[in-house]
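Number of protein chains: 2
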Amino acid sequence: MCPAKISESAVRRLSLYLRVLDAFELAGKTTVSSGDLAERGGVTPAQVRKDLSHFGSFGKRGLGYPVSELRERVTEILGLGRRWRVGLVGAGKLGAALFFYDGFRGQGFDVAAIFDNDPDKIGQRWGRLVVEDIESMDRVMRTSQVEMGIIVTPAVSAQQVADRLIASGVEAILNFAPTRLQVPPGITLRNVNLEIELESLAFALTHENGA
Amino acid sequence: MCPAKISESAVRRLSLYLRVLDAFELAGKTTVSSGDLAERGGVTPAQVRKDLSHFGSFGKRGLGYPVSELRERVTEILGLGRRWRVGLVGAGKLGAALFFYDGFRGQGFDVAAIFDNDPDKIGQRWGRLVVEDIESMDRVMRTSQVEMGIIVTPAVSAQQVADRLIASGVEAILNFAPTRLQVPPGITLRNVNLEIELESLAFALTHENGA
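Those protein sequences? They're chains A and B, same order as listed. Take 17 as the starting number for the first sequence in the numbering used here and just add one per residue. Take 17 as the starting number for the second sequence in the numbering used here and just add one per residue.
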């Protein structure tokens, strides 16, 4: 019950275990072994038992864990027992891809506001939302009760956008812009950059082939 | 000139430096300082000088680096002086978002084949491509000369897909499925999972608020 002790990588493993639990529940299975969970998480069964022991006592030695009880508990630990309101900044191609992809909704994340600074984009209708002027972020964020920000702007504007999100009260940011952002303590930042991942594959292939 | 010594994180920094160089070139600037590059990479100017010194001697102390020469060199080091042919496995929502996002093309990555195992998706036209049956991967991969694979299948099929990609000769994989894949030595694997990143924000907000 000591979430403060849980590392970022342990949290990621919980997310992976949750996928196994979802699949087992869907398949009508009632118990899951630490081995089943370990396989998906890319760890040892001992690591699974250690990860789960932080959150209380589950299962019996040799009998495995009860799927639906553990699933409920991991969902609650990850903060997924509720819905989260997300603000998307950057109404470009990647912003649109993420918005219309719609895969987040199933996990409890709803885009509640979209912002851009381009007059051609401001006012566009995206589903049930309208792209807002980034200048009105402070007001819109308050009325739409956004809790997390997703930055999909060009690299050059990303820091300024992060500063504005934080000034509007956002404490968790997922950054897709290819730049390292500076955030004050207490703000949680995660980075995803698709082009950079592909570039690191290109680097590996180039140098592995002796080119 | 010793790419074998370059760590994964140094390669990522090169990608970030390349963005700065692109922006400087676009702005018509001819020199860039290690400080300019450091800011974007989230590192110190000394680290920038160290990273770049692996690849030969650039710039003069106090005068900065020549933008277009350094940009060309970093492009070449990253293996971006040519185009790469990518195979996308999984013609679902996220696969479609990535395919139609189209942001990869500008960086030199072309989707050359799309696969699925769903009879309803096989045969669909996506741009100038047709979704192929995953059963014909081996043949299609050879004729389309795919070098990298992107996996956007459900977690449960991802390992089997990775094994097939590798058997078809692919040596670099970007995995979006929420599972840890096992690949043999010599295969480069990168993982991106958007839901898991959002879940780690949810975890942080939940526990930070004492919930």
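Hints in this document: simulated from the structure, not taken from any laboratory. Heads up, some of the hints might be wrong.
Given that identical chains are not distinguished, each listed pair holds provided it fits within a single copy or across any two copies.
[What the hints assert, rightly or not] Calculated lysine-lysine pairs in the DSS-like style (CA-CA distance at most 30 Å, straight line):
| # | residue 1 | residue 2 |
| --- | --- | --- |
| 1 | K137 | K66 |
| 2 | K45 | K66 |
| 3 | K109 | K66 |
| 4 | K137 | K109 |
These are the hints, each one checked on the structure:
no.: 1; hint: K137 to K66; verdict: neither (49 Å within a copy, 42 Å between copies)
no.: 2; hint: K45 to K66; verdict: within (23 Å within a copy, 54 Å between copies)
no.: 3; hint: K109 to K66; verdict: neither (42 Å within a copy, 35 Å between copies)
no.: 4; hint: K137 to K109; verdict: both (11 Å within a copy, 24 Å between copies)
Hint compliance for this structure: hints 1, 3 are broken, all remaining hints hold.
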